[in-house]
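Q: Sequence:
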Amino acid sequence: MVRDIEGQARRGAFEGAAIGRGVYVISVAAELAGMHPQTLRVYERRGLLEPTRTGGGSRRYSEHDLARLRRIAELTDAGLNIEGVRRVIELEAELAELRAELERERELARLREKEIHRHYRRDLVPLSQAVVHVKSSQIRRL
DNA sequence: ATTCTTACA
DNA sequence: TGTAAGAA
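Each residue of the first sequence is one higher than the last, beginning at 59 in my numbering.
Heads up, none of these hints are tricks.
For each label pair, taking beta carbons as the anchor points, the in silico distance ranges come out as:
| hint | residue 1 | residue 2 | range |
| --- | --- | --- | --- |
| 1 | Glu89 | Arg164 | 40 to 46 Å |
| 2 | Arg164 | Met93 | 38 to 44 Å |
| 3 | Leu138 | Ala167 | 36 to 42 Å |
| 4 | Leu153 | Ile174 | 27 to 33 Å |
| 5 | Leu149 | Arg79 | 23 to 29 Å |
| 6 | Arg145 | Lys172 | 37 to 43 Å |
| 7 | Glu108 | Asn139 | 16 to 22 Å |
It should be emphasised that the hints constitute simulated quantities derived from the structure, not laboratory data.
From a predicted model like this one, the values you see are computed outputs, not experimental measurements.
We treat Cβ as the ideally placed atom computed from N, Cα and C, and that holds for glycine.
Take these sequences, add in the hints, and give me the full structure.
A: Quick look at the structure:
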């Protein structure tokens, strides 16, 4: 569809700066990833990737897709097969989500602790100012 | 030029 | 697993 790779890359860099929209046609995405178009199709069929589709049905790869392709390249070079790559990426996404959740919970805990200390200060009265009435029978018990 | 299917190293 | 050829 578009043979001008530089033109495509420029558009991708520009539009991608705003949002990670699908902009690259498969031939350009493959070129940028150092792979063959067929390889990208195989990855998609195996569930490693899911580029958006145009109304006509052709694939459009986003900057995020390219980043994923680079990650796939790292893992395959490390010796993982496609299924291994798929599971690693899946777990990495899950880990990132859990870490984000942990941070949110930590922030909530920090706010709750802060609130508790506020109550403490409001209820406490310095001993030097306290007026205490104690029966002599209670003092002996101490 | 892209899609999918089929075949090969 | 990745690549190539075929046809639409």
